[in-house]
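Engineer: Chain by chain, the residues run as shown.
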Amino acid sequence: MSVLEFEQGYCKRIRVYLDSYVNNELMVETTHEVLRHLDGCEACAAELEAKTRMKNVLQNAVMRNGASAELRERIKHDVRRDAAAWWSPRTHVMQWALAVAAALVLFVGGWSVLHSFSSRGPQPRQAEAALLRAEIPNAEILNIGLADHINCAVVHDQQDKRLTPEQMAERLGSDYEGLVPIVREKAAGFEMMMGHRCRLENREFVHLILRNRDRVCSLVITKKNGESFPADQTADIEQATSISTYRARTRDYEVVGFETRDYLGFVVSNLSTSENRMLASSLAPAVHDFLVKLEA
Amino acid sequence: MKFRRNAKIDDFESAAMPHIDALYRAAARVTGDRSEAEDLVQETYLQAWKSFHRFQPGTNCRAWLFKILFHVIQQHRRKWYSSRGHETDELLEQTVAYQPPVAQHLKDEDVLAAFDKIPQQYRDVVLLADVEAFSYKEIAETLSIPLGTVMSRLSRGRKLLRSELAGFAEGYGINKSNANGGGK
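Residue numbers (the numbering used here), protein chains in the order written: chain A, 1 to 296; chain B, 297 to 480.
If you're looking for bench data, these hints aren't it; they were derived computationally from the structure.
Since the structure is predicted, the reported quantities are computational estimates derived from the model, not experimental observations.
Note that beta-carbon positions come from the ideal geometry of N, C-alpha and C, so glycine has one too.
Heads up, a few of these hints could be off.
[Unchecked claim] For each label pair, taking beta carbons as the anchor points, the in silico distance ranges come out as: (1) A:A84 x B:H401: 48 to 58 Å; (2) A:L104 x B:R374: 26 to 36 Å; (3) A:S68 x B:R374: 23 to 33 Å; (4) B:R374 x A:D78: 18 to 28 Å; (5) A:W96 x B:Q352: 20 to 30 Å; (6) A:A43 x B:D317: 34 to 44 Å; (7) B:D307 x A:F107: 39 to 49 Å; (8) A:P230 x B:R330: 53 to 63 Å.
Between the sequences and the hints, there should be enough to build the whole structure, so can you do that?
Structural biologist: Right, dumping it as structure tokens:
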């Protein structure tokens, strides 16, 4: 790979960040990375200037319009009229009577639903998990990683817990504790929240959770149980990195999968397709190498 | 009783009315029609008043009002969409491949005309991010869409706006090669 190609690839990476940079939505580390690049790259600096100028031009043009005095008066009139109707004695009594009746109906209905659940229905956690379970059609293997992410990080709120690297190493065990420094290094801009082993439907997972504000990402690893990514997998197959990765998305989640001889690995998140792909292209090769060494 | 009622109205007006210009601007850009925008804002304020007991003082009243506004807009859009078509993502992909420069001098009316040409789902996000300066999280909550969708729509919306603006710039004789310099 020539130096020029490397620079162009890096520019492409930085330009993905520029929209978020303009809106001040980047993590501090990523902001510094962008600023360092802009110092030495005129093309990217010009691109940033164009984006900023366009934002200002639009803001100035739209800001010139305001609501009319007539609209303000109409709204104030609406509010006073509605308030007068609500506070009139007759309406007041009627509305309170309705509110009491509605509360009674809700109480009786709620009690009977709860009663039937506690006697024979599924537990609330199970029901919640079932509701949140998202599946990608024609991407059966990718659903393995997706299911663990949703069950563990989302439903059981592990995304909100924060462990120290030492605690994560202890929970992962001696075989997998080496993943902690690898993931910390490769997932720039994300904070490592959790590293542990978890279990879903008789399958054991090694699970690391990363966060950047509301962006939640899981690295999920599990031993193969006879599965392998088929060559004709309907989900996209990419070979941009040194290993083959497979990707698909649901409405809310993006999944990238990869495999070694004995393991399946997944990068699952609520990021955009391009962001998750970028994160996976950084994480997957290093994790792949780690797992191959483990197999040796 | 009258005193309590007036105090509640005062609380509502002091919290909500300062944001009327921002709400009207957004509604006007979304609908492209002043009269329709006024109706949407009026409906928004009435709904906000009716649910003001659920608003927690000290929280972001502007974001709360925008969420109601876009809920009202969404209800209206269901009617609009039955009579208007909208472009598919595939068609849009073809129009955003080239990133033209942004000219220095553009008339406000041309900027607004260019902005109004962008498909609605992108216009909403660009408006909330670039004009109203909401965070990605607030936009996701306002429009009830995932955070990743906010980011992708913002990026694509900006590209589309840039393409449209380039068309206006070329109309003034500012061609692609000198538009970036803006007369240097």
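Engineer: For every hint, state whether the structure bears it out.
Structural biologist: These are the hints, each one checked on the structure:
1. A:A84 x B:H401: 48 to 58 Å: holds, 52 Å
2. A:L104 x B:R374: 26 to 36 Å: 34 Å Cβ-Cβ, so the 26 to 36 Å window holds.
3. A:S68 x B:R374: 23 to 33 Å: Roughly 27 Å apart at Cβ, these two residues keep to the hinted range, so it holds.
4. B:R374 x A:D78: 18 to 28 Å: At roughly 23 Å between Cβ atoms, A:D78 and B:R374 fall inside 18 to 28 Å, so the hint holds.
5. A:W96 x B:Q352: 20 to 30 Å: holds, 23 Å
6. A:A43 x B:D317: 34 to 44 Å: With a Cβ separation near 38 Å, A:A43 and B:D317 satisfy 34 to 44 Å, so the hint holds.
7. B:D307 x A:F107: 39 to 49 Å: violated, 31 Å
8. A:P230 x B:R330: 53 to 63 Å: holds, 57 Å
This entry does not satisfy hint 7, going by the numbered hints stated previously; all others are met.
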